[in-house]
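Trainee: Construct the complete structure from the given sequences, taking the supplied hints into account.
2 protein chains.
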Amino acid sequence: MHDHATAFAPGSIGNVGPGLDILGLAIAGAGDTVEIARMDGTAMVVDDAGHPDLPTDPTANTAAIAAAAVRSAVGSSIGMRLRITKGLPLSGGQGGSAASAVAGAVAANALLDAGLDSAALLACALEGEAAVAGRHLDNLAPSLLGGLVLVRSVSPVDVVRLPLPPLQVILVHPDQRLRTRDARAALPASVPREVALQQAANIAAMVAGACLGDLELLSRGIDDRIAEPVRASLLPGFAAARRAALDAGALGSSISGAGPTAFALARLDDDASRIASAMVAAYLEAGLMAHATITGIDDEGARRR
Amino acid sequence: MHDHATAFAPGSIGNVGPGLDILGLAIAGAGDTVEIARMDGTAMVVDDAGHPDLPTDPTANTAAIAAAAVRSAVGSSIGMRLRITKGLPLSGGQGGSAASAVAGAVAANALLDAGLDSAALLACALEGEAAVAGRHLDNLAPSLLGGLVLVRSVSPVDVVRLPLPPLQVILVHPDQRLRTRDARAALPASVPREVALQQAANIAAMVAGACLGDLELLSRGIDDRIAEPVRASLLPGFAAARRAALDAGALGSSISGAGPTAFALARLDDDASRIASAMVAAYLEAGLMAHATITGIDDEGARRR
Numbered sequence: 000m001h002d003h004a005t006a007f008a009p010g011s012i013g014n015v016g017p018g019l020d021i022l023g024l025a026i027a028g029a030g031d032t033v034e035i036a037r038m039d040g041t042a043m044v045v046d047d048a049g050h051p052d053l054p055t056d057p058t059a060n061t062a063a064i065a066a067a068a069v070r071s072a073v074g075s076s077i078g079m080r081l082r083i084t085k086g087l088p089l090s091g092g093q094g095g096s097a098a099s100a101v102a103g104a105v106a107a108n109a110l111l112d113a114g115l116d117s118a119a120l121l122a123c124a125l126e127g128e129a130a131v132a133g134r135h136l137d138n139l140a141p142s143l144l145g146g147l148v149l150v151r152s153v154s155p156v157d158v159v160r161l162p163l164p165p166l167q168v169i170l171v172h173p174d175q176r177l178r179t180r181d182a183r184a185a186l187p188a189s190v191p192r193e194v195a196l197q198q199a200a201n202i203a204a205m206v207a208g209a210c211l212g213d214l215e216l217l218s219r220g221i222d223d224r225i226a227e228p229v230r231a232s233l234l235p236g237f238a239a240a241r242r243a244a245l246d247a248g249a250l251g252s253s254i255s256g257a258g259p260t261a262f263a264l265a266r267l268d269d270d271a272s273r274i275a276s277a278m279v280a281a282y283l284e285a286g287l288m289a290h291a292t293i294t295g296i297d298d299e300g301a302r303r304r
Numbered sequence: 000m001h002d003h004a005t006a007f008a009p010g011s012i013g014n015v016g017p018g019l020d021i022l023g024l025a026i027a028g029a030g031d032t033v034e035i036a037r038m039d040g041t042a043m044v045v046d047d048a049g050h051p052d053l054p055t056d057p058t059a060n061t062a063a064i065a066a067a068a069v070r071s072a073v074g075s076s077i078g079m080r081l082r083i084t085k086g087l088p089l090s091g092g093q094g095g096s097a098a099s100a101v102a103g104a105v106a107a108n109a110l111l112d113a114g115l116d117s118a119a120l121l122a123c124a125l126e127g128e129a130a131v132a133g134r135h136l137d138n139l140a141p142s143l144l145g146g147l148v149l150v151r152s153v154s155p156v157d158v159v160r161l162p163l164p165p166l167q168v169i170l171v172h173p174d175q176r177l178r179t180r181d182a183r184a185a186l187p188a189s190v191p192r193e194v195a196l197q198q199a200a201n202i203a204a205m206v207a208g209a210c211l212g213d214l215e216l217l218s219r220g221i222d223d224r225i226a227e228p229v230r231a232s233l234l235p236g237f238a239a240a241r242r243a244a245l246d247a248g249a250l251g252s253s254i255s256g257a258g259p260t261a262f263a264l265a266r267l268d269d270d271a272s273r274i275a276s277a278m279v280a281a282y283l284e285a286g287l288m289a290h291a292t293i294t295g296i297d298d299e300g301a302r303r304r
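Those protein sequence lines, which keep their order, are chains A and B. Numbering that gives the first Met the number 0 puts the first residue of the first sequence at 0, with every later residue one more than the last. Numbering that gives the first Met the number 0 puts the first residue of the second sequence at 0, with every later residue one more than the last.
Bear in mind the hints are in silico, worked out from the structure with no lab data behind them. Treat the hints with caution; some may be incorrect.
[Said to hold, decoys possible] Some, not all, of what chain B presents toward chain A, calculated at C-beta under 7 Å:
hint	residue
1	20
2	149
3	159
4	188
5	189
6	191
7	199
8	202
9	204
10	207
11	210
12	211
Idealized CB from N, CA, C, for every residue including glycine.
Mentor: This is how it looks when you write it as structure tokens:
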């Protein structure tokens, strides 16, 4: 048991193209940090939620819910005082709520010397994520484990870190809003069998491409037939930005999570600036300001600070 | 150009669990052999279809259709005389029609020194397969390439041979009939989104398990939520046989192609006889005679003889 513990968790791309709810990719750079101090009593207090729009009520704060779940998983009832530093935006599809939940779980695990394994930590972080974004692991798992992660099952937790050659990641943030709730409501309740099978084949191609280091195969798999078609209609400019990314040489491009952030993947020797510029220009042409970030994959996942 | 050419192509398991239309596995042992002799004129003649129930009409025979497609692909019009030796049963879900088509295409390619690549050969074999079993590559591709094959796309042909550790394959043939047409008609036209995503996650787990040599992951992925539930109701005894295979230690078990053959996969050090006996006993208990074959994976695929 320690007096303090601090953990950082990176942002992530959910879905990664066709992998709706089942593929996620950890992104290097920005992330959320949660610092937990032990305090007398049994209360859970959020001193700083990291942003004025985020709740300090510990039963509504993703990091605090995840930390409380860890505490409860090990039968502890010590008091905890949290300070959250948000490096990720509150919305936009960069896995901010998941990063806070993961950092909360990892920090609590460290504070308590609890030694929970990845599956147990994910189950705890899922309680936090579920409070704001639904019961999905496709942002939580990469934020915890780093890299590209396959979510085979949420209950029981069954996630697999996949090998993946180094890639450049381009994130483009258009000046538009799409609530996760609306993006999810747009999803079809059922899909034609042929679409389901093509989607599965594309996900399988991405997974095989990643495992075998075959980037052309990975590229051919980045083709979402279920979520992207309906969400693209809610995201003016996206279809043109995606087209521009591919024309500029990207391996693939799609919506990050529920959007509105768009992403593109590129080889290390591709001209990522050109891809980013082309995507931003496509949004501008659609009447939307946008800015781009060029980064890479976070291979490490959540870590103590 | 040669006077004679002979090719052998192995049988295969289509679907391989959740991989409806997109995963196939080549099976060691039985296969079909096609011998083609050059003859004067431009006719295509089937001297021996290999079984009295198979057509000698070259426009209805899968091997002859595939051979004619190769001939046409290279702009030739030489006469061909075919003799087919059926090592595989005519029906039952062991990829017999696909093996004949592949062997016909490979033999014609050799006879003509045509040098067609795998994708071109598959496109030719597909013409034969489509005449009797639909436009699917999940038997053709493993029969041609060997091993476990992912079919990412039929048109254009995009198939990927996946690495796979050596496994034992148990095939169990119950004394029942299920026409491929009826088995396909039972498939739902659409599937709930959650089922589609779980199916995709399971296929992805199989692919990752194969590529990474993680047999436990492969095992967890062998769980078909789309075809098996509806086909199992048409195949008395199957559900019990599958359960018996898993209880006896199999990595996984499902219907081979459209059935009625059932299959189980097992590690090299598993007791395959015990798995086979348990499956046969389950069919007997359901009132059906059944017999089993214990074999392995055909890693080589179609080859000249």
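Trainee: Determine for every hint whether it applies to the structure shown.
Mentor: Structure-based check of all given hints:
Because the smallest distance between the Cβ of residue 20 of chain B and any Cβ of chain A comes to about 5 Å, under 7 Å, the interface hint for this residue holds. Given hint, residue 149 of chain B at the interface with chain A, holds; its Cβ is 5 Å from that chain's nearest Cβ, closer than 7 Å. The closest approach between the C-beta of residue 159 of chain B and any C-beta of chain A is roughly 6 Å, which is under the 7 Å cut-off, so the hint is satisfied. For residue 188 of chain B, the shortest C-beta to C-beta distance to chain A is roughly 6 Å, which falls under 7 Å, so the interface hint holds.
The beta carbon of residue 189 of chain B is positioned within 7 Å of a beta carbon in chain A (closest approach about 5 Å), and the interface hint is therefore held. A distance limit of 7 Å between C-beta atoms decides the matter here; for residue 191 of chain B the minimum to chain A is near 5 Å, and the interface restraint holds. Of the supplied interface hints, the one on residue 199 of chain B holds, with its beta-carbon coming within about 4 Å of a beta-carbon of chain A, less than 7 Å. Restraint check, residue 202 of chain B versus chain A: the minimum CB separation of about 5 Å is within 7 Å; hint holds.
For residue 204 of chain B, the suggested interface contact is upheld, since its CB lies about 4 Å from the closest CB of chain A, less than 7 Å. Annotation: residue 207 of chain B was flagged as interfacial toward chain A, and the flag holds, the nearest CB pair being 5 Å apart, inside 7 Å. Interface restraint check for residue 210 of chain B: the shortest CB-CB distance to chain A comes to about 4 Å, inside 7 Å, so the restraint holds. With a least beta-carbon distance of about 6 Å to chain A, the hint placing residue 211 of chain B at the interface is held under the 7 Å criterion.
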